[in-house]
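Engineer: Input sequences plus hints: build the corresponding full structure.
If you read the sequences in order, they're chains V and S.
When we follow the numbering used here, the leftmost residue of the first sequence carries the number 1, and every step to the right adds one.
When we follow the numbering used here, the leftmost residue of the second sequence carries the number 1001, and every step to the right adds one.
Any given hint could be a false lead.
[Claimed, not checked] List of simulated lysine to aspartate or glutamate pairs, EDC-like, C-alpha gap at most 16 Å:
(1) V:K208 <-> S:E1027
(2) V:K294 <-> V:E64
(3) V:K294 <-> V:D66
(4) V:K208 <-> S:E1026
(5) V:K110 <-> V:E100
(6) S:K1219 <-> V:E23
(7) V:K208 <-> V:E101
(8) S:K1135 <-> S:D1199
(9) V:K208 <-> V:E100
The set of hints was computed from the structure by calculation and includes no laboratory data.
Given next are the chains, with one letter for each unit.
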Amino acid sequence: MSLHGKIYERRLVWRHRIGLIFEWVCRIATFLSLGILAVLLFSIGRQAFGWLGWGFLTRSNSYEADQAGIMAGLIGSLWLVGLTAIMSVPMGVGAAVYLEEYAKPSRLTKFIQLNISNLAGVPSIVYGILGFTVFVRMFGLRDRPERFTCSLGFAQFSFELPLGRVVLSGACTLTLLSLPVVIIAAQEALRSVPPSLRHASLALGATKWQTVRYQVLPAALPGIMTGVILSLSRAIGETAPLAVLGAAAQLSFAPGRIRSIGDAVQHPSKILQAPFDQFTAIPLQIYGWINEPKAAFEHVAAAGIIVLLIVLLLMNGTAIFIRQRFQKKIRW
Amino acid sequence: MSSTGPIRRDNQSSLRRVFSWQRLQEEAIRFLLFGCALLSVLTTVAIIFVLVTESLVGIPPHTAFFQDVSFSEFFFSTEWAPQFSGSQQHYGVMPLVCGTFLITGISGLIGLPVGLMIAIYLSEYASPRARSICKPALEILAGVPTVVYGYFGLRFVTPYMIMPLFKSMGFSVYGFNALCGGIVVGIMIIPMVASLSEDVMRAVPNSLRESGYALGATKFDVSARIVVPSALSGILASFLLALSRSIGETMAVAICAGNSPNLTLNPFSSVQTMTAFIVNVMQGEVVAGSTLEKSLYAVALVLFVITLVMNLISQMVLSRYREVYQ
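Structural biologist: Right, here's the structure in full:
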């Protein structure tokens, strides 16, 4: 073998060795991040062990660590995410349908698209400032809040303008925050519907809206729902915007002062009143407990985190279930 | 001849835009959907309006922040003490910006290389089975709320990792420190870098890889010298997006890194970032119309502009990149 060949052979061995090292470094990096996840869950679970029980879920907060509970935050978070869903899903899907189905590739469309992807990257705290100015304070138009009462016959509720630190302000802020993510997710789902479906519908004489309403949206629905649930689960864990709104960290009542399901059924006005009542949310309570100087509260915070993670797990599980269940049925 | 007349008239009437309820409904729906899409533009306009009217140009009865405090004091003075009154009050944003970039820098040192290596592993080396394990795990890591990372940093990273390691080396480490904030934010951006970079690397056409192998390249040569360079602009865009996220990150930093605005590059001391300042002030009661309140908007404007520029650049790079390989 020539000298060249020998050098080449020796080099090749080294090149393979370097390749192997590189592969293992990358592999270790990947599994390191999985390890971090495990350590995170384990360390929080260990801190929370023994503090998480039925009592923790049903009590409201207390100055004594072992009497503290997450009821107010849990129900507040559910109210928030429910109202956010009611507002952000129709608007987000509507915007996505416009951009994917109706819009012609013009400069305006391009601008809206760029704008949406930029909004998705705006720090959540800026949304908090926006919500504080627009919803909580309403640009300071009135110095003192004015109370209005609205009666529906069977029930009545009252609200203040400016809204103040109420559930509705929080939900509006979270809507603005989650809207870009919902739009992007819905757009991806709509894009995955094959154009032949639209062509067939249009060829049969359906109008644009009929095509969208009866063909495209049903076909894209599993994808849209998965994306929506994932972005709502992102919104439920948001702390910064709600903290900036000035929402209380700890409250002793659920929004609308609803004490039980029976209470809500017997007094329907409490349900109507809830969006206009003060609120707290799970992440806010956790933040409050972390800042608590008493050492025992670190366990309470860990228990709260476990509750939050379980709520997220349930939501993500639903999203994955929908994805698995419906994607198999459709064959293009 | 005689039959062409009526047919032509039919064609004309179908081409003419006659009024029908159906058509009106279609137009109304189109208009409504357009309104939904325009709402996002409205949100941007509202953000800019709110931030600018409170910090740059006030609406007449009110004054804006920069009409109370001069530009030069805000950007060049090195002390940040807005809560005090009188001569002790200082509005130099430098400590906040410095704290923010210190934490962003640390998080970048940790998050970017690890994220890139994960992306290379997932796109070049991993078997489909390994991918099916790693991708959902990364999604979970991305979905963990930031307040949880904050708790993890405060109760685990600082006492069990930073303290034992650096105390034994003779550093004086504070309970709240920038290093912990940086590490935690670095962990947070790993999934983002990994998934975005993996997307651009998978978009590199296989023909490039195959021609590399045909020339006798090893797997390492192909991934490090062909795939990464040809996906470089996309990777850099994902880095930029991740760094802009870590600049805007709030809760983890507010919990881990403390709340003392020090102008320092010492990672073991407590710092305050722009976001942490906003959250910290808004926790208490702020007097409406006070300079302290307006300073929140000025800081938020700085934050918004920095992240907006970084996002815009990376969006443009990413969209151009998509066009190149499709």
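Engineer: Look at each hint and say if it fits the structure.
Structural biologist: Here is what the structure says about each hint:
no.: 1; hint: V:K208 <-> S:E1027; result: holds, 10 Å
no.: 2; hint: V:K294 <-> V:E64; result: holds, 9 Å
no.: 3; hint: V:K294 <-> V:D66; result: holds, 12 Å
no.: 4; hint: V:K208 <-> S:E1026; result: holds, 8 Å
no.: 5; hint: V:K110 <-> V:E100; result: holds, 12 Å
no.: 6; hint: S:K1219 <-> V:E23; result: holds, 9 Å
no.: 7; hint: V:K208 <-> V:E101; result: holds, 9 Å
no.: 8; hint: S:K1135 <-> S:D1199; result: holds, 12 Å
no.: 9; hint: V:K208 <-> V:E100; result: holds, 12 Å
Comparing the model with each earlier hint shows no violations; every hint is respected.
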